[in-house]
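Q: Okay, here's what each chain looks like letter by letter:
There are 6 protein chains.
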Amino acid sequence: MIGIASIPRGKSSIQALLCGCAIAFLAPGPIHAQLFTFSTQELMDYTAQEPFDRLSDGRPKVPNDMMERARELSSEEIWAVLQQRGFNNQYADGFQVLHPGKTMVGRAFTVQFMPQRSDVDDIARAKAKNSGRAGLTNQTAIDMLQPGDVLVVDLFGKKVNGTIVGDNLFYYTMKATGGGGLVVDGSVRDLNGISEIDMPAYFRAVDPTPIGNVMLTGINIPIRIGGVTVMPGDLVVGDREGVYFIPPQLVKEVLDRADEIHIHDEWTKKKFDEGKYKSSEIYSTPTDPKLQQEYQEYLKRRLEEIRKQRSPK
Amino acid sequence: MIGIASIPRGKSSIQALLCGCAIAFLAPGPIHAQLFTFSTQELMDYTAQEPFDRLSDGRPKVPNDMMERARELSSEEIWAVLQQRGFNNQYADGFQVLHPGKTMVGRAFTVQFMPQRSDVDDIARAKAKNSGRAGLTNQTAIDMLQPGDVLVVDLFGKKVNGTIVGDNLFYYTMKATGGGGLVVDGSVRDLNGISEIDMPAYFRAVDPTPIGNVMLTGINIPIRIGGVTVMPGDLVVGDREGVYFIPPQLVKEVLDRADEIHIHDEWTKKKFDEGKYKSSEIYSTPTDPKLQQEYQEYLKRRLEEIRKQRSPK
Amino acid sequence: MIGIASIPRGKSSIQALLCGCAIAFLAPGPIHAQLFTFSTQELMDYTAQEPFDRLSDGRPKVPNDMMERARELSSEEIWAVLQQRGFNNQYADGFQVLHPGKTMVGRAFTVQFMPQRSDVDDIARAKAKNSGRAGLTNQTAIDMLQPGDVLVVDLFGKKVNGTIVGDNLFYYTMKATGGGGLVVDGSVRDLNGISEIDMPAYFRAVDPTPIGNVMLTGINIPIRIGGVTVMPGDLVVGDREGVYFIPPQLVKEVLDRADEIHIHDEWTKKKFDEGKYKSSEIYSTPTDPKLQQEYQEYLKRRLEEIRKQRSPK
Amino acid sequence: MIGIASIPRGKSSIQALLCGCAIAFLAPGPIHAQLFTFSTQELMDYTAQEPFDRLSDGRPKVPNDMMERARELSSEEIWAVLQQRGFNNQYADGFQVLHPGKTMVGRAFTVQFMPQRSDVDDIARAKAKNSGRAGLTNQTAIDMLQPGDVLVVDLFGKKVNGTIVGDNLFYYTMKATGGGGLVVDGSVRDLNGISEIDMPAYFRAVDPTPIGNVMLTGINIPIRIGGVTVMPGDLVVGDREGVYFIPPQLVKEVLDRADEIHIHDEWTKKKFDEGKYKSSEIYSTPTDPKLQQEYQEYLKRRLEEIRKQRSPK
Amino acid sequence: MIGIASIPRGKSSIQALLCGCAIAFLAPGPIHAQLFTFSTQELMDYTAQEPFDRLSDGRPKVPNDMMERARELSSEEIWAVLQQRGFNNQYADGFQVLHPGKTMVGRAFTVQFMPQRSDVDDIARAKAKNSGRAGLTNQTAIDMLQPGDVLVVDLFGKKVNGTIVGDNLFYYTMKATGGGGLVVDGSVRDLNGISEIDMPAYFRAVDPTPIGNVMLTGINIPIRIGGVTVMPGDLVVGDREGVYFIPPQLVKEVLDRADEIHIHDEWTKKKFDEGKYKSSEIYSTPTDPKLQQEYQEYLKRRLEEIRKQRSPK
Amino acid sequence: MIGIASIPRGKSSIQALLCGCAIAFLAPGPIHAQLFTFSTQELMDYTAQEPFDRLSDGRPKVPNDMMERARELSSEEIWAVLQQRGFNNQYADGFQVLHPGKTMVGRAFTVQFMPQRSDVDDIARAKAKNSGRAGLTNQTAIDMLQPGDVLVVDLFGKKVNGTIVGDNLFYYTMKATGGGGLVVDGSVRDLNGISEIDMPAYFRAVDPTPIGNVMLTGINIPIRIGGVTVMPGDLVVGDREGVYFIPPQLVKEVLDRADEIHIHDEWTKKKFDEGKYKSSEIYSTPTDPKLQQEYQEYLKRRLEEIRKQRSPK
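One line per chain: the protein sequences are A, B, C, D, E and F, in this order.
Following my numbering, the numbering of the first sequence begins with 1 at its first residue and continues without gaps.
Following my numbering, the numbering of the second sequence begins with 1 at its first residue and continues without gaps.
Following my numbering, the numbering of the third sequence begins with 1 at its first residue and continues without gaps.
Following my numbering, the numbering of the fourth sequence begins with 1 at its first residue and continues without gaps.
Following my numbering, the numbering of the fifth sequence begins with 1 at its first residue and continues without gaps.
Following my numbering, the numbering of the sixth sequence begins with 1 at its first residue and continues without gaps.
Among the hints, erroneous ones may be present.
It does not matter which identical chain is used: a pair holds within one copy or between any two.
Stated by the list, open to error - Derived DSS-like pairs (lysine-lysine); straight-line CA-CA distance at most 30 angstroms:
#, residue 1, residue 2
1, Lys102, Lys269
2, Lys252, Lys300
3, Lys102, Lys270
4, Lys159, Lys102
5, Lys129, Lys175
6, Lys269, Lys159
7, Lys278, Lys308
8, Lys175, Lys102
9, Lys276, Lys159
10, Lys308, Lys159
No wet-lab data here; the hints were simulated from the structure.
The structure presented is a predicted model; accordingly, all values stated were derived computationally and were not measured.
Kindly generate the complete structure, drawing on both the sequences and the hints.
A: Quick look at the structure:
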């Protein structure tokens, strides 16, 4: 998968896809042989609003520079834009956070498991074999990871035998994604080993058992993590509190709004430091028109500075 | 849907499906317009081992007389065969049981919801409209129910706005399925009204709010209920304890074994009533060879009686 | 308290109370000697919107005939009006329900306890004694109950020593309220005895210990039960699911709307029984204009019948 | 075990046992071959205060007529004496109650299981075999039950494979104990079957799996159920709320006190029915000296009546 | 609020307050316009036993030097005095602790919220406006904080929309209280931002949503946090385990006892280090009279040293 | 206890013990005076498979050098051997871990408490006194600890009054065991103090109350911690995830296998670092025979190096 150039930006939209003129795009075979198929065309249809290029597997490709900026985001800043746009179900929490001080940012690579059921799994494996694929295991998915990915796994909260990785595969995932990250509605094993590896991870539990009694049912299909429907290619941002899954079409707005919130907080704290004002005189909006104007000017100036700083890059 | 004759028994097997010679079978359009598509062909492939006819929508059709016999089953009797065949994940519990004394038996009609996400749902709805379908709501699914069905719904444990039905739709479901039943990993509303309707139901919670903030993502696709992968057409059996989802190919064996267990318990209790034996002398297997023989003869005779009773039907 | 006539309807409104012209009304002394005082004037100010008479202790008095009609209400019917009026926090559940088939209806008589703290309680008791009151116990409150009341108690979920009543005081409460009811965010004791008494009750737990290690901090003050702010005089309606606390000013609208919902369900079920329609063709609104008209006429006719039935009373 | 006469009342006391003059008493071998041995002598030492005869296995034998009277007890009545005597840890709740309206009364027959560990269990089984015993299973214990026993089992809250009985052994237990009862800190299987058998039972959960992955570690040894240390021979009383384990030496006091409480409640309710008194004027003690005297006379008269009723028996 | 001198020590006592001779003391208006009023006079009455000066808002003012000493306290040391004085309900735990290594010490500034209910809140806001106050929000309360305060908030465990502060108001609170602290039976938002601010905080959860769907119902009134009744002005001490709310009248005794416990532990560990004694020979009281004497002399000498160290300050 | 030499290796085996030829071995009296006696002979019988010397109290003595090697173990490495040998119940988790980065290794010294029951405890204390022992408290057990021990305590999950140690006894335990460790299915107190002491500890909760309302019922008897049967002398290994209790007879195999796993992980990561392979080509077994051979050679060489490193010690 490494070295495959990203494909041109998908122009498809809802209208386009319905008149049948969506761009033909053929992904490699493997994702057709699980229980749930979600073809590259379907993936492109359902993420038609995303404004960026696509990865070779059809997922939206939030640009690297935006991912860089996203490292400064906090959950609250993301919430502000998402709730305004009516996306109230994009946040999941209740995880054990491996490295609480380290923000996680990356593109969602989704994997789904379901409880093992041999009659179904036998067929899926036969189909996979027939289509030239060796197996249907967690490694099948992990081997497809790309730089910048966050591995997002639905293991339905399973603890015993719900361990998506131990320290070896966690290390490999770190290498393959360039330190992207892991979110699993399930568990990990070998916490001692994992703790020493510098990649963010969010999991429900830890257990010494290996993964088992489950079957791989989907790769890069829509999955559910807690109360969130996660789409392949969503921008995943994790902080100390939890994890946001941002639809690609909202990433730019989130980042721009965050610039303003950073400046707002900067100015607010500076004012608080002066010790002359009560909180309600300054926050969230200054009550005094003069202060309000002062803030507007500060905001304008700082926004310009920030943009200037960024442009040379 | 009413009145459509069931189609001939599917001969397909794993071998068959892999050489591409599976029977062509076209289901009506609607199930293609959700987020997850699971075509009739896929459904037939993945349930290729089932030995019965199929319903018009492609689901295996466990025969009515077997459903009748299944009303005598208890969870333990089902467990005995399933664990022996390696099916350890077919039981779900933790439900509120509406009518604890009433066994639920029927063919699984599965429905999946996921957390609402407007960018995805807009496309799904546009696709549905384009394919001539009005909407994608709980009623879309409920209107497709057939006699003998149990409605099995994944609402991911949602309580508030996770209410698949109130008393009106519960009543309709009872009418459409002939009192089949309901299993929802979610909630219902209007418990007072529902309590007066004579259909078994298993739910996680009760709430006064209507269903909302979710999107319908699949009808008659494989779904997860607790730790179970449920396939459309599974035989659903619910008692006071919980719900079993029996793969169709195991139904006959389960029923036959249950006959033996019923006779075994009959004989065991009769022996206990004599007051001459300790439990371990009788149960689970008599230790005395003479008693063992007595039991074998009893078993043989009673099995014959039972079969005779059934044949005239 | 028995035999005291109810006082004339409070004309006060928000406007009135702010210009200081609220009706002077002096309640008897006792409710001033707890930790939290909520004078009759305050109670009347904060419930100024209620359109009915008041009880002698200043609580709004939802009329008896409306209470009678309220026995037909279900949680869903109440929800419909309350959410429309922006009252989203008036429902509490998670209780053990003593008599699930028996609807509870009555006027909220509220009592609050807090964890015992002798420095505070000593003063409260000294004050109570000084104002001529013997004690500050659960019986102090229970002795003030009136016919038609539901005793609503905040015992902050306490199980051990959080038992508001045993069977003796439960019996007394039944007698004093005329079978009104009990809601306690805490526990009861003597479940065997209580089970034989014909009054609805909602409690979190059961324990053999008597009430203790708490102090009575308020009678007929605003209290919190789960996620609900309960005001004295709210109409309390409990069914199998949970308990609604309806602000008096919304009672009539809830009851009238419920009439329509009852008729709607009557008609809907009748139509389902005809077996000619899918659920979505009938429910929640008929799609066919002719059916829609048929329904409207049915609704009109039945509403008239119901009103006629009621008027002679 | 059946037909063995009960042995003479143990005269041993703390003093006696310490001078080494305790009565020699040999129980049958089997209870020495588990992990935990608790010899008949130890059992007699640790229950030296009990005033009754003993069963053949050394357990205190609360007399049958007292067991009969105990059927009228409620948890609260037991609590009154036990807390006064400093026994604050004899109550367990949080069970599923099989037949809520049916009081359970019997002598504790205790059984302990621990998580399976083959190195330990192999030795225990070898020892058991060497001492002439066939096995160490739940049936080993169940076969030792006597009329009037309640089977009390520590299965450490285990649900899956923690099912002490299914309907066959539940039926046998009912027969062997004369409908005594079952308390298990674990689960049962075959709830449908069990529900039809007329014996009280208290369990944590229900599961279709059979007992397994545990080892029997003690019969008639001290065990822990929730927050209670249960001794073999304790009087077990279960009602709708939970289960009390009453040390034999306190049984008579509990029963006598209960007589008074019954009469007290009888009188209190009668007075409430007169409608002339507030609850605090009557309950818990009448405030008026005349009423107080009336009550005392009532109590005396009724006590005499009750005793007279009992004596002919 | 800064710079307002503290008022003279309240001489009132239970006796005083009951003869009506309590000191007249008028607090500023704002605290009268919430749902619950607790006048300065009431506050002074109910904290009449406190031996110190009072703050301008009437709360007891535990002196700064005692607050300094209290930084060395642990929960166990406080427990020792409080349980002896019969205060068994002054400890709350189950919080997320922001900076586990940093002890929190300050005077309780209490705030209460209840579930939103517009009929009640409209009146409260009208009253607030009428009495010249702008609003009734979390900032209304936060703007009243004084140096040395710990903000203690009852948000009834609410997570979503139960966030008392984000990083801006947390920063302001830190500034206003001089790093006092925060205890909230509810949540905070912006954990990343808050983590970098050097003030102790105890909260139940973290969420990205802002505060909402609640109404402010009291400032500096008695509130409940877990199983504790918190009075305004209580000395709040938080360590890694939980939070103690110490009535002011017990502060000195707690501190003096803690001195002894510190010395006791110092000596005990020194003895353990000698390696000559079993724990029971030294702890909690030396069994050897000579050691007992050695300890007593050590205690006396160290107490004198400590007091000498303190006096120059 | 200090300075007592360890006794010669027990030759007893299952066969030996059953023909009555087990080595006579007399432990000191104290462990006979609790409710549960488990004589040194019994302890030796039930741990007859252990291949090492024994401690003076009869427990198996896993050698110090093996304990040293065990510091490198992780839960997963232990799991690999134990599940293969059929020991599936030797792992407990759900603890608060005091020093997450510090591995705990030591020999299990077990202690059991049960809920207080004065009739039983009085006898136990009388027996203890008669046999010359002062008391039956947590210190009775703690005073018996030896270097290399881990104190393992069953306090049945008790939080309030379930605190096995505060900082004084924790310090003593650290001294007595040489920093061995503590596992308690219960709580500790004085977390602030304990946090500064360099010994691993695993506990369920923290509380300011001292231990109470319990009775000591066994020292160095088999106990249950979560789902594990712990035998005295088990090798206890705790990491960030949880605690393993390894039967002594499996220690060597676990350690040897761990050497291989360490080398395997070393090699695997090295290969991943080359960036040429997908995870499934390397892990868990290389698919390419040449790589497989490379690995085998690496394994052999490294094992030799490791053993050489160890031998001089």
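Q: All hints are to be evaluated individually against the structure, with a verdict given for each.
A: The hints, checked one at a time:
1. Lys102 x Lys269: both (24 angstroms within a copy, 23 angstroms between copies)
2. Lys252 x Lys300: within (19 angstroms within a copy, 55 angstroms between copies)
3. Lys102 x Lys270: both (26 angstroms within a copy, 25 angstroms between copies)
4. Lys159 x Lys102: Classified as both: same-chain Cα gap 24 angstroms, cross-chain 24 angstroms, threshold 30 angstroms.
5. Lys129 x Lys175: within (28 angstroms within a copy, 45 angstroms between copies)
6. Lys269 x Lys159: For Lys269 and Lys159, only the inter-copy Cα distance (26 angstroms) is at most 30 angstroms; the intra-copy one is 43 angstroms.
7. Lys278 x Lys308: neither (34 angstroms within a copy, 41 angstroms between copies)
8. Lys175 x Lys102: both (17 angstroms within a copy, 27 angstroms between copies)
9. Lys276 x Lys159: neither (53 angstroms within a copy, 32 angstroms between copies)
10. Lys308 x Lys159: Answer is neither: 48 angstroms inside a copy and 40 angstroms across each miss the 30 angstroms cutoff.
Hints 7, 9 and 10, counting from the list given before, are not met by this structure.
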